[in-house]
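Protein chains in written order, with our numbering: chain C, 1 to 207; chain W, 1001 to 1207; chain D, 2001 to 2207; chain U, 3001 to 3207.
These are calculated hints, taken from the structure and not from any lab test. Careful: at least some of the hints might be erroneous.
Claimed, not checked - Below, computed lysine-lysine pairings styled on DSBU-like, alpha-carbon distance capped at 30 Å:
| id | chain 1 | residue 1 | chain 2 | residue 2 |
| --- | --- | --- | --- | --- |
| 1 | C | K2 | C | K131 |
| 2 | D | K2200 | U | K3070 |
| 3 | W | K1200 | D | K2070 |
| 4 | U | K3002 | U | K3207 |
| 5 | U | K3070 | C | K2 |
| 6 | W | K1200 | W | K1002 |
| 7 | D | K2207 | U | K3070 |
| 8 | D | K2002 | W | K1131 |
| 9 | U | K3207 | C | K2 |
| 10 | U | K3002 | D | K2207 |
| 11 | W | K1070 | W | K1002 |
To be verified - Pairwise CB distance ranges, derived in the manner of DEER restraints:
| id | chain 1 | residue 1 | chain 2 | residue 2 | range |
| --- | --- | --- | --- | --- | --- |
| 12 | C | K131 | U | L3004 | 36 to 42 Å |
| 13 | D | F2092 | C | A26 | 22 to 28 Å |
| 14 | U | M3001 | C | T197 | 45 to 51 Å |
Heads up, the beta-carbon is just placed ideally off N, CA and C, and yes, glycines get one too.
Number of protein chains: 4
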Amino acid sequence: MKYLVEFIGTFFLVTTIGCTVIDGGAGVIPPLAIGSVLMVMIYAGGHVSGAHYNPAVTLAVFLRGRCPAKDVPGYMIAQVLGAVAAAAIVLFLKKNPTVESGTLVVPNALAAEFLFTFALCYVVLNVATSKNTAGNSNYGLAIGFTVMAGAFAVGDISGGVFNPAVAVGLIMMGKVAVANIWVYLVANFAAAAAAATVFKLINPNDK
Amino acid sequence: MKYLVEFIGTFFLVTTIGCTVIDGGAGVIPPLAIGSVLMVMIYAGGHVSGAHYNPAVTLAVFLRGRCPAKDVPGYMIAQVLGAVAAAAIVLFLKKNPTVESGTLVVPNALAAEFLFTFALCYVVLNVATSKNTAGNSNYGLAIGFTVMAGAFAVGDISGGVFNPAVAVGLIMMGKVAVANIWVYLVANFAAAAAAATVFKLINPNDK
Amino acid sequence: MKYLVEFIGTFFLVTTIGCTVIDGGAGVIPPLAIGSVLMVMIYAGGHVSGAHYNPAVTLAVFLRGRCPAKDVPGYMIAQVLGAVAAAAIVLFLKKNPTVESGTLVVPNALAAEFLFTFALCYVVLNVATSKNTAGNSNYGLAIGFTVMAGAFAVGDISGGVFNPAVAVGLIMMGKVAVANIWVYLVANFAAAAAAATVFKLINPNDK
Amino acid sequence: MKYLVEFIGTFFLVTTIGCTVIDGGAGVIPPLAIGSVLMVMIYAGGHVSGAHYNPAVTLAVFLRGRCPAKDVPGYMIAQVLGAVAAAAIVLFLKKNPTVESGTLVVPNALAAEFLFTFALCYVVLNVATSKNTAGNSNYGLAIGFTVMAGAFAVGDISGGVFNPAVAVGLIMMGKVAVANIWVYLVANFAAAAAAATVFKLINPNDK
Chain C
1 MKYLVEFIGT FFLVTTIGCT VIDGGAGVIP PLAIGSVLMV MIYAGGHVSG
51 AHYNPAVTLA VFLRGRCPAK DVPGYMIAQV LGAVAAAAIV LFLKKNPTVE
101 SGTLVVPNAL AAEFLFTFAL CYVVLNVATS KNTAGNSNYG LAIGFTVMAG
151 AFAVGDISGG VFNPAVAVGL IMMGKVAVAN IWVYLVANFA AAAAAATVFK
201 LINPNDK
Chain W
1001 MKYLVEFIGT FFLVTTIGCT VIDGGAGVIP PLAIGSVLMV MIYAGGHVSG
1051 AHYNPAVTLA VFLRGRCPAK DVPGYMIAQV LGAVAAAAIV LFLKKNPTVE
1101 SGTLVVPNAL AAEFLFTFAL CYVVLNVATS KNTAGNSNYG LAIGFTVMAG
1151 AFAVGDISGG VFNPAVAVGL IMMGKVAVAN IWVYLVANFA AAAAAATVFK
1201 LINPNDK
Chain D
2001 MKYLVEFIGT FFLVTTIGCT VIDGGAGVIP PLAIGSVLMV MIYAGGHVSG
2051 AHYNPAVTLA VFLRGRCPAK DVPGYMIAQV LGAVAAAAIV LFLKKNPTVE
2101 SGTLVVPNAL AAEFLFTFAL CYVVLNVATS KNTAGNSNYG LAIGFTVMAG
2151 AFAVGDISGG VFNPAVAVGL IMMGKVAVAN IWVYLVANFA AAAAAATVFK
2201 LINPNDK
Chain U
3001 MKYLVEFIGT FFLVTTIGCT VIDGGAGVIP PLAIGSVLMV MIYAGGHVSG
3051 AHYNPAVTLA VFLRGRCPAK DVPGYMIAQV LGAVAAAAIV LFLKKNPTVE
3101 SGTLVVPNAL AAEFLFTFAL CYVVLNVATS KNTAGNSNYG LAIGFTVMAG
3151 AFAVGDISGG VFNPAVAVGL IMMGKVAVAN IWVYLVANFA AAAAAATVFK
3201 LINPNDK
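The following block holds chain C by itself, in its conformation from the complex (with noise of 0.2 Å):
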């Protein structure tokens, strides 16, 4: 479960990495969703794996001595299946079709609603709900952080909601068609099952 903990935190280090920088990527936002991005899914996913999602970082901990050699080939593959998996899902949020900042692509958001929806839920039940996290300063950093890194990431392919509730409220301003209320309902509460099922699987033994 180490290597799908692996999967997982690499495969949305790239996404973000990959959305943010597309179209073109200078100035103050691809760094700091970056950096965010990387930070939450370490905080998630540390207790597990150890958190590197790096060749180089599995490589100097190996050195160090604190990851055995048995481990290495199996986190080096995990990372990069999901820079892969990251880099077809960025060119499918991102250039099928293209997509104009501001206008709602169904097959898109509903994408771009579950994979972040996912994510934040994920970080909450690592961060927040976990035995091996219990007492940490840094649950509402991590978890808060993960919304701030999705909305750079996929704010202009689906809005950047990740919450029903948020959806409604958006609803009243005017910002989003009341039409398209089920792509956020139908996104956020799979994502949520999905989170659930995923958290479960990596720490079977925190009930």
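Dock chains W, D and U against chain C, hints included.
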């Protein structure tokens, strides 16, 4: 009282979202403000309700086994009500009347100063004076970023002061009119009293 | 000594507000700088005075029962005096004479370097060497963001150096004139000595 | 070894300052990058040397009684040497030859990737695998913001990758040329090995 905490947290989340995106909302400010306000409300309310502020998160925590089934409807209702109240406030603050950045419209400024000074005092009392959060390392982050989120959300409505001493300083620097000092004194001290009352309500056993 | 801590914290809060908003102050910088300086001053002074820096917060903490009535007037007076002193400094730094960004006006640069190197050393001593804050996880955040807030506040006045080694590096890179090195040496080392003195004054039992 | 830690920390502080200010340096990026790199180097080195990285801080800590007189000259010399080395690197990275943003100049890209992947692995090993920092809540913040600071500092030189899996993802997205993959593999893995060696050197009793 868990429901009140969920209402307050979702209210400030959606208020900050609304205030920063209603006029367009591209760029670095909305994600930074939104991630920050979510972070601070989680640090403030986590010890009472778990600080979900999101029906998808409530579903995920329920499926993971850390939210009793009987609480789920109440959480979700409180969250949606918080979002609805926030949307109403945002429409009032930003549209009624249309506020030009830099001019002080008294009712809007009073509301903006009251709301975010309340948020500030509510966060301070919960992260820095509560028995349940004693010994944390996040109190400074939570309090500082409350002011940051508030300044992003309503800085163009009231100046984002939230502090009578700051109002005095800004008058000396010529950034606040002497005739408007009462707005800050009234709104800030009333918000402080309201926050103390709410704190006692949600922490009945913390004398 | 609690009152001195309230004075210092409010002083740096209002100085940072003033320096970042006096010339207009829209955009991401003022809220980020203000939230950060408040955060770092809370981490620095929380263990001595509770770090209110705001009469509304003092009122809220008093009503909640964590600030004795006899301390309330002293806290509020210290906060207002800190704000007044800050406003005077801001007017001196930014208006007397009008400073063009990029030119070094010696008295202004000396004052700017002295003030924020004092803030830096004051924060370091309180978060990283005090018995009362031992074991915290926020020392790096507090110290790093002090420099960030200082660079936002007075970067256009003195370069935002606060560090003689950095001054040497900037001379080699051609960003600081050799003839100005004394400004940094004098202001930075004097500020260090002042911060050590103040630390001992406010922490008399911490040898 | 305390002196080596002071050298490394000041080196990365001044490298980040130089890279972000040498071409002009107004705006939000330099203070954010500088505050972040100082923060991460403090989290990485605090348990060994106290993480001063600044002769003024060393003076303040000495006067407060937490730095022995015999260490003061060594600390200050290490800090100035770190700043000098950083200035030389910055001049090499940014001026020799003049690098256009977006083009990959191989020696510059190799150096940039080596340096900040070293910083990343050095921070990971110290904050997430050291006995002396076990149980902290800042490891994710420290690691994530190392990448952020590196992306700000050298993003325009090498793309700010610091991670072979990310390089693979960026190749798939068409943001890195396949022919350049060796730059990342060589620089990143070499940096990981160097960081592991340095970690063992500065933490001789932490097996």
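Against the structure, the hints come out as follows:
no.: 1; hint: C:K2 x C:K131; in the structure: holds (17 Å)
no.: 2; hint: D:K2200 x U:K3070; in the structure: holds (22 Å)
no.: 3; hint: W:K1200 x D:K2070; in the structure: holds (22 Å)
no.: 4; hint: U:K3002 x U:K3207; in the structure: holds (18 Å)
no.: 5; hint: U:K3070 x C:K2; in the structure: violated (47 Å)
no.: 6; hint: W:K1200 x W:K1002; in the structure: holds (13 Å)
no.: 7; hint: D:K2207 x U:K3070; in the structure: holds (19 Å)
no.: 8; hint: D:K2002 x W:K1131; in the structure: holds (22 Å)
no.: 9; hint: U:K3207 x C:K2; in the structure: holds (23 Å)
no.: 10; hint: U:K3002 x D:K2207; in the structure: holds (23 Å)
no.: 11; hint: W:K1070 x W:K1002; in the structure: holds (13 Å)
no.: 12; hint: C:K131 x U:L3004: 36 to 42 Å; in the structure: holds (38 Å)
no.: 13; hint: D:F2092 x C:A26: 22 to 28 Å; in the structure: violated (37 Å)
no.: 14; hint: U:M3001 x C:T197: 45 to 51 Å; in the structure: holds (47 Å)
Hints 5, 13 from the earlier list are contradicted by this structure; the remaining hints agree with it.
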